Amino acid sequence: MHFPISHSHINPIYLVVTGFVIGVLGGFFGVGGSFIAGPALRTMGLDWNFAVGTDLAHIVGKSVVAAKRHRALGNVDLRLGFIMAIGTIGGAELGAQLIQALKRAGNVNFIVSVVSIAVYVSISGFMIWESWRTLAHSKPSKLRKRPGPATIKADQSSFTHVTKALQRLRIWPMIRLPTSGVTISLWIIVLVSFVGGLFSGFLGGGAGYIRMPSLVYVLGIPTHLAVGTDLFEIIISASYGTFTHAIKGNVDILIALVMHTGAAIGAQIGAIATQYFAGPKIRLAFVPLPLIGAAIVIYTLLSGHNL
Amino acid sequence: MVTTRKREVRRTLRAFVVELVLYGLLVTAYFFGVLLFLGSWLVQLEMQHIRLYAVVALFLIIGQAVLLEAITTALLRLLRGGRAE
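Chains as they are written, first to last, in the working numbering: chain P, 1 to 307; chain W, 308 to 392.
No lab work stands behind these hints: they were computed from the structure. It is possible that some hints are incorrect.
[Stated by the list, open to error] Here are the in silico distance ranges between beta carbons for each label pair:
# : chain 1 : residue 1 : chain 2 : residue 2 : range
1 : W       : Thr311    : P       : Ile298    : 16 to 24 angstroms
2 : P       : Ala118    : W       : Gln351    : 40 to 48 angstroms
3 : P       : Pro12     : W       : Arg318    : 30 to 38 angstroms
4 : W       : Val328    : P       : Pro12     : 55 to 63 angstroms
5 : W       : Thr310    : P       : Pro173    : 30 to 38 angstroms
6 : W       : Ala322    : P       : Gly181    : 38 to 46 angstroms
7 : W       : Lys313    : P       : Met44     : 42 to 50 angstroms
8 : P       : Met44     : W       : Arg321    : 30 to 38 angstroms
9 : P       : His9      : W       : Arg314    : 34 to 42 angstroms
Source: prediction; values computed, not measured. Ideal Cβ positions, reconstructed from N, Cα and C, are used throughout, including at glycine.
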């Protein structure tokens, strides 16, 4: 099929299937999925700038669908999502400027690749350790209990002592998040979202692979709520990214709409599936995602191919 | 007790699959509608009024997600004879 905006020929079934896979992952883990969508679009011959911009546009649609579904399941903390959006946009701008500075210095590819590998591997390593430990220490009966939302959303973590210490830091203003059952300093929320945004601007994509774990481990948000709130936050930040990319001529909305055909279905399935898994199990299943991202970066670094 | 819950799960699953199929049909129809009626206009817009194109692009993708889900819910309610379920 010919897409006149980006002057490309791409099989629509390939786009729908890619969208579906990313939709399921996004709905289940609360990530944008750009680490898969970007290379997938590049493989079909789409220019890098179009791959990034179009991917962001499709992420907006998919996140709306998944977040709506999560909201219906009571998994979205709107207050937290709005506060985080401020930090994310600020961080993304700084990340983009860092990229520009590295471009001028002439070593952007190498530095970004090394940083991203370190970040992805660290996240995966930490999450394996934490979720494994939590699963090992929790009572099997608690995790085996059937999907009653109240029991399954009562989260457990081996990192709670650090989270509690952060919540005890009384730096004014303190924000109460009744939906998540957390009271925490505004500055910690802004800092977490700023770091997420920074990596989003620096490494590309929505940086859900950083934000979702940060919501759980730093802010102490239950995993199900972290997934839903992250998706809600992605709507705001990805919309902003889509707009800025679109005015630079980097968005082929027709490709995004085809991808969204599959993603919309996948996102609903992914969101519903979270109801059948306990928090530590979702976190353990999340581990391969950053590793896939790291593998792609290592491949591009070693082969010289820009996926 | 277990049988009742199983039946309930099966009913929820069936309702979800019906909703998904209906939504899938609408999403596909929406894309072809946009391609048929707005395709050439979008190409022109992208070349001549890039800012307006950016706004329309966002509107189209968010519209697809929000509008179609609302239509799906309304259609399902209609099919069930007014029950929200």
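Given the hint of 30 to 38 angstroms, check if Thr310 (chain W) and Pro173 (chain P) actually sit that far apart at their C-beta atoms. The hint (30 to 38 angstroms, Cβ to Cβ) is violated, given that Thr310 (chain W) and Pro173 (chain P) are roughly 53 angstroms apart.
Could one say that the CB atoms of Thr311 (chain W) and Ile298 (chain P) fall in the range 16 to 24 angstroms? At 52 angstroms between Cβs, range violated.
May I ask you to test the hint 40 to 48 angstroms on the CB atoms belonging to Ala118 (chain P) and Gln351 (chain W)? Given a distance of about 45 angstroms, which is inside 40 to 48 angstroms, the answer is holds.
Are Val328 (chain W) and Pro12 (chain P) spaced within 55 to 63 angstroms by their CB atoms? Violated, at about 19 angstroms.
Starting from the hint 38 to 46 angstroms, judge whether the C-beta atoms of Ala322 (chain W) and Gly181 (chain P) obey it. violated (30 angstroms)
Take the C-beta atom of Pro12 (chain P) and the C-beta atom of Arg318 (chain W), compute their distance, and say whether it sits inside 30 to 38 angstroms. holds (34 angstroms)
With respect to the beta-carbon atoms only, verify the hint that Met44 (chain P) and Arg321 (chain W) lie 30 to 38 angstroms apart. Since the Cβ atoms of Met44 (chain P) and Arg321 (chain W) sit about 36 angstroms apart, the hinted range of 30 to 38 angstroms holds.
With 42 to 50 angstroms as the target window, see if Lys313 (chain W) and Met44 (chain P) comply at their CB atoms. holds (43 angstroms)
For the pair His9 (chain P) and Arg314 (chain W), does the Cβ-Cβ distance stay inside 34 to 42 angstroms? violated (49 angstroms)
Against the hints set out earlier in the document, violations occur for numbers 1, 4, 5, 6, 9.
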